[in-house]
Structures are given as C-alpha cells and as structure tokens.
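Asker: Using the sequences and the hints, build the whole thing.
Each protein sequence line maps, in turn, to chains A and B. The numbers in our numbering rise by one with no breaks, and the one at position 99 of the first sequence is 103. The numbers in our numbering rise by one with no breaks, and the one at position 82 of the second sequence is 86.
There's no promise every hint is true.
As the list makes no split between identical chains, a pair holds if one copy fits it or if it spans any two.
The list that follows gives simulated cross-link-like pairs (lysine-lysine, DSS-like), each with its CA atoms no further than 27 angstroms apart [claimed, not checked]:
#1 220 / 205
#2 180 / 30
#3 205 / 180
#4 180 / 220
#5 220 / 30
#6 30 / 250
#7 180 / 250
These are calculated hints, taken from the structure and not from any lab test.
Number of protein chains: 2
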Amino acid sequence: MRILVTNDDGIDSPGIRALAEVAATKGQTMVFAPNSDKSACGHAMTLHDPIRILPAHWEDIPAYKVAGVPVDCINVGLISGFHEGCELVLSGFNNGPNLGFDTTYSGTVAGAMEGALHGIKSIALSMGIFSGQGDPFFETGARWLQDNWEMLLNMPIAPPGFLSINIPAIPYEEIKGFQITHIGQKFYEGYLEQRHDPWSKPYYWYRGEVIHKTYKPGTDVYAVFNGYVSITPLTPNWTDHGVLEKLETYLSSASLSSKT
Amino acid sequence: MRILVTNDDGIDSPGIRALAEVAATKGQTMVFAPNSDKSACGHAMTLHDPIRILPAHWEDIPAYKVAGVPVDCINVGLISGFHEGCELVLSGFNNGPNLGFDTTYSGTVAGAMEGALHGIKSIALSMGIFSGQGDPFFETGARWLQDNWEMLLNMPIAPPGFLSINIPAIPYEEIKGFQITHIGQKFYEGYLEQRHDPWSKPYYWYRGEVIHKTYKPGTDVYAVFNGYVSITPLTPNWTDHGVLEKLETYLSSASLSSKT
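Answerer: Spelled out as structure tokens, the structure:
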C-alpha cells in the first residue's frame with residue numbers, strides 16, 4: 005500500500021513524525037509537508053507563486069518540505085512521488101483539535117479533503133488538546149492508529165467522502181473507545197483582540213479562546229470531551245440538501261419560479 | 005439594513021465595486037476587502053500575523069483594505085464597523101465561477117461562510133466566466149442582483165446555512181432565469197505543471213485547465229453552462245450524514261462497537 009502523509013503544522017512538527025512512523029509500518033510511505041506552520045489555512049491552494057519541493061533529509065522515510073499549503077503538498081506529492089498511484093492519504097497528527105465548525109478552517113482536514121477529491125481514501129487525524137493543557141500526546145494518537153488500522157481502512161467510505169478523527173490528548177490507557185460522530189458546535193468569546201503598536205496604531209489578532217457552551221451526545225465535541233476518539237465522516241459536497249426542497253416550495257408559493 | 009461587503013479578489017477588483025454599489029442602494033453598506041488578490045485562499049484565517057486595516061478612500065461608500073483573507077475581513081469588519089450589528093454579508097462579485105468542488109477552495113464562498121457562522125444572512129456571488137472568454141460581465145451580476153434582491157433576501161435560509169450564487173458572464177438579456185442547484189462536478193486535466201527555473205531547478209505551478217466532462221441537470225455547473233443563474237444552498241456542516249448509518253452498520257456487523 006502506497007501512503008502519502010501530510011499535515012498543516014509543517015514538516016518539523018513532532019505530530020507528522022509520529023504519524024509517518026505508524027504509516028511506515030503499514031505501507032510504502034512518503035511525506036510531503038509544508039516547510040512552515042500553515043495552521044488554519046483552510047482548503048487554500050497556492051495559485052500565484054511557484055511551488056518548490058526540497059528533501060527534508062529524514063533518515064528512514066522519504067520526506068519532502070513543500071513551499072505551500074497542505075493542498076499543494078497533496079498535488080505536488082502525487083505528481084512527483086506516486087507514479088504508480090496512491091492508496092491512502094493521512095493528514096496529521098495535528099497539534100490541536102479540529103472539532104465543530106473549526107473543521108472549516110483546518111489545513112489538516114483540507115489535506116485529507118484534497119486526497120479524497122483525487123479519489124483516494126483519506127483520513128485527517130488531530131489531537132484533542134484543550135486550554136490549560138500542553139502535551140499533545142502524539143504517542144496516544146500513534147498507538148490508537150496502530151491498534152485500529154484495519155478497522156479504519158475497512159470502513160465503507162467512498163471518496164470524495166473522507167474521515168476526520170480527533171483523539172483526546174490523554175494517556176492511551178484512559179481512552180474509553182471511539183464514537184462515530186457528526187460535527188457539533190464550538191463557541192468563541194472575545195474572538196479578535198484589538199491592540200496598539202508602539203506608534204499607537206491599531207492592529208487585530210485572533211485570540212481563539214474556545215468556550216464550550218453546548219455540546220450534545222453524538223457530536224465530535226462531546227466524544228472528545230468525554231474521553232472517546234471521535235470519527236466523523238465528512239464530504240466536500242457542501243450542498244445543504246435539507247434546504248433544497250424548502251427553497252423550491254418558497255419559490256413556487258411566491259410564484260417566483262425560474263424562467264425555465 | 006446594515007450590509008458588510010467583502011471578496012477575495014481584493015479591494016481593487018471591479019467586481020467588489022459593482023457589488024457594493026448595488027448594496028448601497030439597499031442599505032447602510034461598508035466594504036472590508038483584502039488589500040491584494042487572495043483567490044483560492046479557502047476558509048483560511050490569519051493566525052500568525054497581526055491584521056491591519058486602512059481606509060481605501062472610496063468617495064461614496066466607507067471602504068477598508070484589510071491585510072488578510074476574507075475570513076479576516078468579516079471578523080475585523082464586524083468588530084470595527086458594525087457596533088449595532090450586521091444584517092447581511094455579501095461576498096463578490098468574484099472574477100470567475102465557483103462551481104462544483106471548486107467551491108471548497110473559494111475565498112469568495114469562505115467570506116459568506118464566515119458571515120453565516122456569525123449568524124448573519126450571507127451570500128457569495130461569482131461571475132461564471134469560462135476559458136476563451138475575458139469579460140466578467142459584472143454589470144450583468146449587478147443588474148441581476150438588483151432585480152432579484154427581495155426574492156433572495158426572503159429565501160428561507162437559516163445561518164449557518166448560506167447561499168452561493170453563480171451568474172453566467174453573458175449580457176443580461178441573455179440570462180434565461182435562475183435555478184436552485186446542488187454542487188456538481190468539475191474535472192481538471194494537467195492540473196500541476198512542472199517547469200524549470202534558469203538554474204534548471206524544478207518548480208510546480210497550477211494550470212487549472214477545467215475540462216467539463218460531465219455535468220447533470222440540477223447541478224450548479226449545468227445551470228450556468230445553460231445560461232441560468234445558479235443558486236446553491238450551502239452549509240458549513242460537512243458531516244456526511246448519508247454515511248453515518250452505514251458506518252454504524254459496519255461497526256456492529258464487524259463486532260467493532262466502540263467501548264461505550
């Protein structure tokens with residue numbers, strides 16, 4: 005099995021090292037990761053600049069640093085390192101959770117999404133670290149992935165669908181199991197902070213203080229907060245299918261049918 | 005009605021000017037847009053740098069250029085310009101279509117998504133320009149929006165749901181009407197091009213040649229290609245609900261139930 009490993013924290017993050025080491029025990033693994041931290045880059049791609057790749061000089065696993073974001077890593081990786089095809093894309097372990105609507109900002113999730121758009125089985129993996137807690141417990145992520153590899157790989161997920169997994173950042177022995185989840189809600193307070201530079205000019209900086217006001221059973225947030233690994237099936241098709249019918253009803257009741 | 009206008013092509017794009025002019029006839033409008041082209045930036049946010057805003061010195065409409073991406077524009081805009089709240093976010097007119105899975109890369113769509121995550125009615129608007137065609141026909145977008153304002157604003161869309169609208173880049177008279185659509189598929193060929201710099205070192209650059217191999221009735225791609233404005237309801241909840249049940253069945257049949 006040929007495996008492409010990426011992340012958004014950059015090639016020097018211990019998280020991608022931990023993930024690549026698990027992957028290398030399972031298949032022919034190559035790493036293509038950003039040359040610097042690209043956290044919260046979303047599903048961006050680099051259109052206006054050339055994208056270069058350089059060897060990262062890992063001793064054991066072929067690894068390259070890419071002057072770009074995770075989407076670029078996938079595309080450059082596939083074209084330059086996977087001439088015989090790629091069977092699996094792993095993105096992570098992210099140094100922090102990707103839960104609730106934060107999923108939409110995540111470069112880690114975007115890396116997996118890009119793999120899935122290429123028709124490849126793809127999984128994003130993030131460590132559920134929360135405020136007041138420093139250790140990302142990548143070794144918990146690695147052991148969990150190692151132990152659940154077959155179960156994950158056999159899951160009935162067809163690209164462009166893919167998986168986003170969040171693993172509580174706690175000792176492995178304390179993990180209670182896993183839950184299949186849907187995206188929950190996370191709330192922020194004091195989202196943007198206004199500051200002033202030494203010349204009294206204002207600037208803004210995100211604080212990103214997460215206030216978990218509500219989380220319901222069945223959600224990703226609930227699972228991780230209760231010690232479970234959260235496995236969420238995601239899709240790049242963002243159509244709000246539940247609303248389509250409502251809109252048609254609205255249009256016909258308002259005699260606003262389109263000129264067909 | 006207080007309206008925040010943004011885009012991803014940057015404050016100097018004629019598209020945002022055309023959009024803001026329509027908005028200004030409908031409500032109290034302020035513009036917060038990137039200070040340079042941020043196309044294909046996805047739902048990124050600027051975490052690692054301070055975000056500054058400067059006046060754009062438009063004569064008629066309050067407008068600011070933001071050192072950031074559309075998500076930043078929304079957040080900085082709301083905090084600095086909408087102390088009494090904001091009722092509508094408009095993002096566009098994008099200088100190009102956002103159809104099919106391209107939606108996932110779009111900064112224009114991300115701007116509307118961010119507004120919707122704040123609980124505000126939000127609409128992304130893009131001009132359906134295709135290869136071999138230069139004119140984005142922003143005036144067609146402006147007239148269509150002007151004529152369909154009430155219909156759009158009254159649509160039963162509850163945030164965090166939002167709308168993505170693609171308008172064919174053709175003379176207004178040739179627009180056949182509009183269609184409520186779901187996301188279709190677009191295919192690329194020769195996606196990344198390898199080149200060599202004057203020192204024979206390789207680099208990569210996206211070509212983004214769109215090959216429209218398949219598009220079905222009901223999709224955004226089909227509507228725009230056939231002269232209709234496409235209105236697609238989107239959601240930031242990317243959970244693949246159709247797969248959730250399959251996964252539970254798989255787990256129970258494989259006796260892989262989570263440790264609950």
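Asker: Which numbered conditions among the earlier hints are violated in the structure presented, ordered from lowest to highest?
Answerer: 1, 3, 5
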